[in-house]
Amino acid sequence: MLGSPLPVDVRHESDRGSVEVSYPGRHIIYYRLTGHIDAPLLASLVKPTLQCVALHGHIDEFLDCTGVTGYDSVVRVRLVEYLRAVRESASVTEHVLVEAKIVAMGAWLMKLAVGGIEIYHERAAFEAALRRALNAS
Numbered sequence: 135m136l137g138s139p140l141p142v143d144v145r146h147e148s149d150r151g152s153v154e155v156s157y158p159g160r161h162i163i164y165y166r167l168t169g170h171i172d173a174p175l176l177a178s179l180v181k182p183t184l185q186c187v188a189l190h191g192h193i194d195e196f197l198d199c200t201g202v203t204g205y206d207s208v209v210r211v212r213l214v215e216y217l218r219a220v221r222e223s224a225s226v227t228e229h230v231l232v233e234a235k236i237v238a239m240g241a242w243l244m245k246l247a248v249g250g251i252e253i254y255h256e257r258a259a260f261e262a263a264l265r266r267a268l269n270a271s
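Just so you know, the numbering used here puts 138 at position 4 of the sequence shown, and the rest follows in order with no gaps.
FYI, nobody ran anything at the bench for these hints, they're computed from the structure.
In this text the structure is predicted, and so the values were computed from the model without any measurement.
A couple of the hints might just be wrong.
Said to hold, decoys possible - Derived DEER-like restraints, expressed as beta-carbon distance ranges: (1) 247 with 184: 30 to 40 Å; (2) 265 with 207: 18 to 28 Å; (3) 271 with 207: 15 to 25 Å; (4) 270 with 150: 18 to 28 Å; (5) 250 with 160: 25 to 35 Å; (6) 149 with 180: 12 to 22 Å.
What the hints assert, rightly or not - With a straight-line cut-off of 16 Å between C-alpha atoms, the simulated EDC-like cross-links for lysine to aspartate or glutamate are: (7) 245 with 215; (8) 235 with 206; (9) 235 with 215; (10) 181 with 233.
Every residue, glycine too, gets a C-beta built ideally from N, C-alpha and C.
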């Protein structure tokens, strides 16, 4: 990615999956999700955004979900609730790179529910969006 992998600032794990968090730019959070994303990992997807929104007011989130094999339905439901709530006072744009059909379907359902989500099926387009965000930050 962009010549070399982003450094991982924080890593969270559950018995079934993991979330790696990087902060490559002032208004940018990059998440690398792998395995099965379950309820214990929810806080690792919400807390960094809340902290950055409090500091900056606008966040671009990039979620690389190509390593995700599945997720608990409660994760999608809670993330929709969380995005609705945080967007009442801040701007959060999500860029989601998907591979597995079940993950792509979940991303589309979230997009229909809350909007503001760009879904990518090609890494090159996803990384181009990340480069644009980095150049703007």
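Against the structure, the hints come out as follows:
Between residue 247 and residue 184 the Cβ separation comes to about 19 Å, which falls outside the hinted range of 30 to 40 Å. Between residue 265 and residue 207 the Cβ separation comes to about 33 Å, which falls outside the hinted range of 18 to 28 Å. At roughly 34 Å, the beta-carbon separation of residue 271 and residue 207 lies outside the given 15 to 25 Å, and the hint is violated. Distance hint check: the CB atoms of residue 270 and residue 150 are about 35 Å apart, inconsistent with the given range 18 to 28 Å.
With their beta carbons about 19 Å apart, residue 250 and residue 160 fall outside the hinted range of 25 to 35 Å. The hint said 12 to 22 Å for the Cβ distance between residue 149 and residue 180, and at roughly 20 Å that hint holds. The hinted pair formed by residue 245 and residue 215 meets the criterion: a straight-line CA distance of about 12 Å does not exceed 16 Å. Among the hinted pairs, residue 235 with residue 206 is consistent with the structure: their alpha-carbon atoms are about 15 Å apart, no more than 16 Å.
For the hint linking residue 235 to residue 215, the alpha-carbon distance of about 23 Å lies beyond 16 Å, and the restraint is violated. Between residue 181 and residue 233 the alpha-carbon distance is near 25 Å, which puts this suggested pair outside the 16 Å criterion.
In the structure shown, a violation is registered for the earlier hints numbered 1, 2, 3, 4, 5, 9, 10, in ascending order.
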